[in-house]
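Q: Residue strings, one per chain:
Number of protein chains: 2
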Amino acid sequence: MSKKKAVVLVSGGMDSCVTAAVAAQNYEPCFLHVNYGQKTENRESKAFEALCLAYGIKRKLVVDISYLREIGGSSLTDDAIEVEEGELDRQGIPKTYVPFRNANILSIAASWAEVLEASAIFIGAVEEDGSGYPDCRRVFYDAFEAAIDAGTRPETKIKIETPLISMKKCDIVKLGKELGAPLELSWSCYKSEDEACGECDSCLLRLRGFKQAGYEDPIPYKKR
Amino acid sequence: MSKKKAVVLVSGGMDSCVTAAVAAQNYEPCFLHVNYGQKTENRESKAFEALCLAYGIKRKLVVDISYLREIGGSSLTDDAIEVEEGELDRQGIPKTYVPFRNANILSIAASWAEVLEASAIFIGAVEEDGSGYPDCRRVFYDAFEAAIDAGTRPETKIKIETPLISMKKCDIVKLGKELGAPLELSWSCYKSEDEACGECDSCLLRLRGFKQAGYEDPIPYKKR
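Residue numbers (the numbering used here), protein chains in the order written: chain H, 113 to 336; chain P, 113 to 336.
Extracted from the complex, chain H is given alone in its bound form:
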C-alpha cells in the first residue's frame, strides 16, 4: 500500500530539515518552498533544492509570494527596516516578524494538500526560544486547522503537524542527528548568503542549539 501524502513546508532552514525527516517516517513527503521576497531567498532556494535531492522527493512546489515584500512591515522583506543584531532574550515581537506570513504559507499548503488528497501539513515552527512570532504558536495552528476544516470539501481532512513546536533548539539538533537529517544542507541565516553571519537571531539560536547538543555546526560561518 502506498503511503499517505503530507505537504512539508521546507524553507531550507534547520527546523524544516528536521521536520522533513519526521514527516518521512510515516508519509510520502511533498515539499513546498515559498519565496516571499526575503533577503536571503537565493540561498534558501539552493538549500531547498539540495534537500529535495537528499530526501528523494517526487512532488515539489515552489511558490512566489513576494507580494509580502510590497505589503512590507518587516525587516526581512523591507529594505528600509534593518535586520536587528541578534538578542536571545528580546521581549515582544521582533522586527523580523512578517505580518501573518505563516497563514499565507499554510493557505498555499492547504490548497495543494486538498488537490493532492494529502492528510497532513508539516511545519517546523518552534514556540520556544522566545522568537515571539504570534504565527509560530500552537494556538494559531489549532485555529488554522479549524479554518481548513471549515473551508474545504467535507471529505478533506488535513492535520497541521508541528513536531518541533515545544522543542528547544538543542533537542532539534539531537533529533536531526538521530534521524539522519542532512543538517549540512540547511541554511538559517537571515542576513548572509555565502557564509552565515553568526550574529542575527537565527544564527545565534542555531549556534547555541548545536553547542548545547554537543555537536559542531557543519555550515560555514564568517570569521569574527
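Certain hints may be false.
You can't tell identical chains apart in this list, so a pair holds if it fits in one copy or across any two.
Claimed, not checked - Taking lysine-lysine and the DSS-like style, the derived pairs with C-alpha atoms no more than 27 angstroms apart in a straight line are:
no., residue 1, residue 2
1, Lys269, Lys207
2, Lys172, Lys151
3, Lys170, Lys116
4, Lys207, Lys117
5, Lys207, Lys172
6, Lys271, Lys335
7, Lys289, Lys334
8, Lys323, Lys269
9, Lys271, Lys323
10, Lys158, Lys334
11, Lys271, Lys207
12, Lys269, Lys115
13, Lys207, Lys116
14, Lys271, Lys303
15, Lys269, Lys280
16, Lys335, Lys172
17, Lys334, Lys170
18, Lys115, Lys172
If you are wondering where the hints come from, they were derived from the structure by calculation, not from laboratory data.
We have chain H; now place chain P onto it with these hints.
A: Showing chain P alone in chain H's frame:
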C-alpha cells in the same frame, strides 16, 4: 477624525462592487484585487481599476497568486477542466471551486490589514444561491477570524465582514441600487471577456438577480 480603514476584496464582480459600497459607509476602503490565473483575469482587472476610480480609492493593492493555477483542481484555473454550463440547483461542490482559494486571499488581506492597522476585512461572499463553495460560508469566516486573532500581534483586531453572506442575488442588486454602487462597471462572467456569456453559473445567478429585482442588467451579453 479620519475614518478607520478596511481592506475590501474587490474581484470586480457585482457582489464585491456592492460590498465596497457598504464598506465605504463607515470606513476608508482599501481595495485588494487578487489574480489567481483565472480565465477572465484581464476583464476582472479592468473592472477593478474602474471601480477604484469610481470609489476614489487612495490605497489599492493588486496581488498575483497564479500559483493556484499550478496547483490546479478547478475549472477556473485548469485548462483541462471545462467550466460547466450553468445549473442553478446543482447539488454538491461545483468544478469551479478553487481549493481553499478564499483562505489564500484572506491571508493576504490580513497581512495588509495588519500593516495598515485596518480594523476590518470586507468580502462579498454569498452563502445562498446554492453556490456550494465551502469557503463561502460564514462558518469558515468565523474560523478564519479566530485564526487571524491567534496569528497576529496582540493589538491587531481584524473583523471579517460579510455583509452579503445571507442575501439573495436580487436583494444584492436592490442594495447596490440603493447605495448607488456602479454596477455597470462590474463583471461576473466566468467564461468571456468582451460580452458576458449569459450561460455560466455566475451569469445565470446575476441575470436572475436583476430580473427578480426588477432591473435591467447594464452590462453587455452575447446574443443567443
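Q: For Lys207 and Lys116, with the copy left unspecified, which applies at a CA distance of at most 27 angstroms: within, between, both, or neither?
A: The answer is between: 25 angstroms across copies meets 27 angstroms, while 38 angstroms in one copy does not.
Q: Checking Lys271 and Lys335: alpha-carbon separation at most 27 angstroms within a copy, between copies, both or neither?
A: Intra 43 angstroms, inter 49 angstroms, cutoff 27 angstroms: neither.
Q: Evaluate Lys269 and Lys115 at a C-alpha cut-off of 27 angstroms and name the case that applies: within, between, both or neither.
A: Within. Shortest intra-copy distance 16 angstroms satisfies the 27 angstroms Cα cut-off; inter-copy 41 angstroms does not.
Q: Can you tell me if Lys207 and Lys172 fall within 27 angstroms by alpha carbon in one copy, between copies, both or neither?
A: between (30 angstroms within a copy, 24 angstroms between copies)
Q: Since the copies are identical, ignore which copy is meant and state whether Lys323 and Lys269 lie within 27 angstroms (CA to CA) inside a copy, between copies, both or neither.
A: neither (40 angstroms within a copy, 40 angstroms between copies)
Q: At most 27 angstroms between CA atoms: does that hold for Lys172 and Lys151 within a copy, between copies, both, or neither?
A: So Lys172 and Lys151 pass the 27 angstroms test inside a copy (22 angstroms) and across (25 angstroms) alike.
Q: Which holds for Lys158 with Lys334 at a C-alpha limit of 27 angstroms: within a copy, between copies, both or neither?
A: Within one copy only: 19 angstroms inside a chain, 50 angstroms across chains, cut-off 27 angstroms.
Q: State whether the alpha carbon distance between Lys334 and Lys170 is at most 27 angstroms within one copy, between copies, both, or neither.
A: Answer is neither: 35 angstroms inside a copy and 46 angstroms across each miss the 27 angstroms cutoff.
Q: Checking Lys271 and Lys303: alpha-carbon separation at most 27 angstroms within a copy, between copies, both or neither?
A: neither (33 angstroms within a copy, 35 angstroms between copies)
Q: Go through the copies and call it for Lys289 and Lys334: within, between, both or neither, with a Cα cutoff of 27 angstroms.
A: Only inside one copy: Lys289 and Lys334 sit 24 angstroms apart there, 65 angstroms across copies, limit 27 angstroms.
Q: When no copy is named, should Lys269 and Lys207 be tagged within, between, both, or neither for a Cα gap of at most 27 angstroms?
A: between (35 angstroms within a copy, 19 angstroms between copies)
Q: Classify it for me, Lys207 with Lys117: is the Cα-Cα distance of at most 27 angstroms met within a copy, between copies, both or neither?
A: between (35 angstroms within a copy, 23 angstroms between copies)
Hint compliance for this structure: hints 6, 8, 9, 14, 15, 16, 17 are not met, and every other hint is.
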